[in-house]
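**Q** What follows is the residue order along each chain.
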Amino acid sequence: MTVINTLVPFTSAIISFIFAFVIFKRYFNRRGAHLLLWGIGMVFYGIGGFTEAYFGAFGWNSLIFRMWYLFGAILVAAWLGQGTVYLLAKRRVANILMVILGAASLYAAIRIFSAQLDPSLLTTSVHTGSELSGHAIITPGIRTLTPFFNIYGVVTLVGGAVYSAWIFYRKRVLLHRVIGNILIAVGALAPAFGGAFSRFGIPGTLYIGELLGAILIFLGFWRATTPMAEKEPQTVNEAVS
Amino acid sequence: MVDESKNYPPKRQYPKFFEKTVPIAIGILVVVITGVLVFAIGVIFGLFNGI
Chain A
1 MTVINTLVPF TSAIISFIFA FVIFKRYFNR RGAHLLLWGI GMVFYGIGGF
51 TEAYFGAFGW NSLIFRMWYL FGAILVAAWL GQGTVYLLAK RRVANILMVI
101 LGAASLYAAI RIFSAQLDPS LLTTSVHTGS ELSGHAIITP GIRTLTPFFN
151 IYGVVTLVGG AVYSAWIFYR KRVLLHRVIG NILIAVGALA PAFGGAFSRF
201 GIPGTLYIGE LLGAILIFLG FWRATTPMAE KEPQTVNEAV S
Chain B
1 MVDESKNYPP KRQYPKFFEK TVPIAIGILV VVITGVLVFA IGVIFGLFNG
51 I
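These protein sequence lines are chains A and B, in that order. Count the first sequence with my numbering and you get residues 1 to 241, in order. Count the second sequence with my numbering and you get residues 1 to 51, in order.
Because the hints were derived from the structure by calculation, they are not lab data. Be a bit skeptical, because a hint or two may be false.
[Claimed, not checked] For the chain A half of the interface with chain B, some residues (derived, Cβ under 10 Å), not all of them:
(1) Lys90
(2) Val93
(3) Ala94
(4) Pro147
(5) Val155
(6) Val158
(7) Ile182
(8) Ala185
(9) Phe193
(10) Ile215
The beta carbon of each residue, even a glycine, is placed where N, CA and C say it ideally should be.
Only chain B is shown next, with the shape it has when bound in the complex (with noise of 0.2 Å):
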């Protein structure tokens, strides 16, 4: 029987509180980005009051 799992090099991983938040971080940033270009594209066109 061949042991398949010889066949690919193991994954790698962060230690398990990293593997946790940096893609929740990640996942935040992307939402909070959006929202900010959002507005930004809003006070261009005279939604919001800009600085």
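Isolated chain A (complex conformation) (with noise of 0.2 Å):
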């Protein structure tokens, strides 16, 4: 048991969930399935943590792994990443689109908690295995799910963050939700970094980059929703005198 392996995702959990509770707050408020989804989202990030830190306390527990890797590993992209659809796109092809993953995380789900394991597949290829990985999924044809689900959350979560950014940059319009936005893409890839500095066998970098992607986000989040103190951009004209 190591601080980096137990309080580090403990604490992405713990922000995860607070956020979570603030997007929903906002969405009883409010409404508008963008924060509903991102909320769900959310949840979804600080059950990835939850069960991170539980496995750096306590060691393997098949329950956990399993809503590690659907929850923590495959889900979380994609459902923030729908969140954003729903904010960018037509109601009709945001609907569409949930449907489509809905079902695949439906299909997710039943893969993962009737798949096989062994736990001493964990330190298996350039990993650590101080931290959990798909390596202790044995039965064939589950891991190559997760990159579908990702590149559909990276598009939708990140690329919808920065094409925001890029449109209220292009028309020099509110500034907090361009700053709130590359915090958010740059949030949300942090732990796709911190993958891969753990693949090239650094402990703990993959719950380091999950804790900034958490901090990031919600930052971002704060930033975008709440307007700057300072005056709105100046024109040229104004800038010069």
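Fit the two chains together into the complex; they arrive one by one in their own frames, and the hints show the way.
**A** Written out as structure tokens, the structure is:
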């Protein structure tokens, strides 16, 4: 049991659940499918962090592993991204994608909860073994599901945030939303970088990336939804005078 | 003589720092997103190890 393998993911989980509460509160005040899905996505993020902390503190548990793989490794980015789809795309398109994502998520859940596992394989490949990894899944065809969900998550969550930032920047309006969306995009990519370093054998980097991601996404959401106290963007004439 | 600048609304600008850093940040993010997507597609085709 180390600080990196227990306290770091536990902190990620706490931040994620607090963030989910903030989003759900906003959803009940304002409505909007995007808020509901972001809230659900952050609950998934929190479950991912909690299961990692449990593994770090108490060791292997097959139910905890299955929950981690389903919510933390497969669903989180895609469901957060689906929220952004509801914000940016036409309602009909978003509804169709939601049905596909829902069906795919159900299929993934059935496959993961019926998979054969071998915890001794957690240390295979270049992975450190100190963190949870899908190497423990023996049943073929399950780990190949993950990149499909994560591609959808990257395109919709990160791509959507970058697209929104660019639109506001091009019009030179709502600077707080530009900054907020950039923070969200960086935060959403942080776990991917943590995972990449983990594959190079550096322990703890996945969990640090996830913690950084939770903090940055939270800050980004807060920044995007809180107008800045400073003056509106200047015109060129004002800027030079 | 007609003042042509009056025919167009003045261009809005963010503070200098953000005028410079925002497009750089967006550019870096686009490159990183492309890299992550290439990696994920590589995982699908078995070129890299997935999660």
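**Q** For every hint, state whether the structure bears it out.
**A** Against the structure, the hints come out as follows:
{"no.": "1", "hint": "Lys90", "in the structure": "violated (23 Å)"}
{"no.": "2", "hint": "Val93", "in the structure": "violated (20 Å)"}
{"no.": "3", "hint": "Ala94", "in the structure": "violated (21 Å)"}
{"no.": "4", "hint": "Pro147", "in the structure": "holds (4 Å)"}
{"no.": "5", "hint": "Val155", "in the structure": "holds (7 Å)"}
{"no.": "6", "hint": "Val158", "in the structure": "holds (5 Å)"}
{"no.": "7", "hint": "Ile182", "in the structure": "holds (5 Å)"}
{"no.": "8", "hint": "Ala185", "in the structure": "holds (5 Å)"}
{"no.": "9", "hint": "Phe193", "in the structure": "holds (9 Å)"}
{"no.": "10", "hint": "Ile215", "in the structure": "violated (18 Å)"}
Violated hints, in rising order: 1, 2, 3, 10; the structure is consistent with all others.
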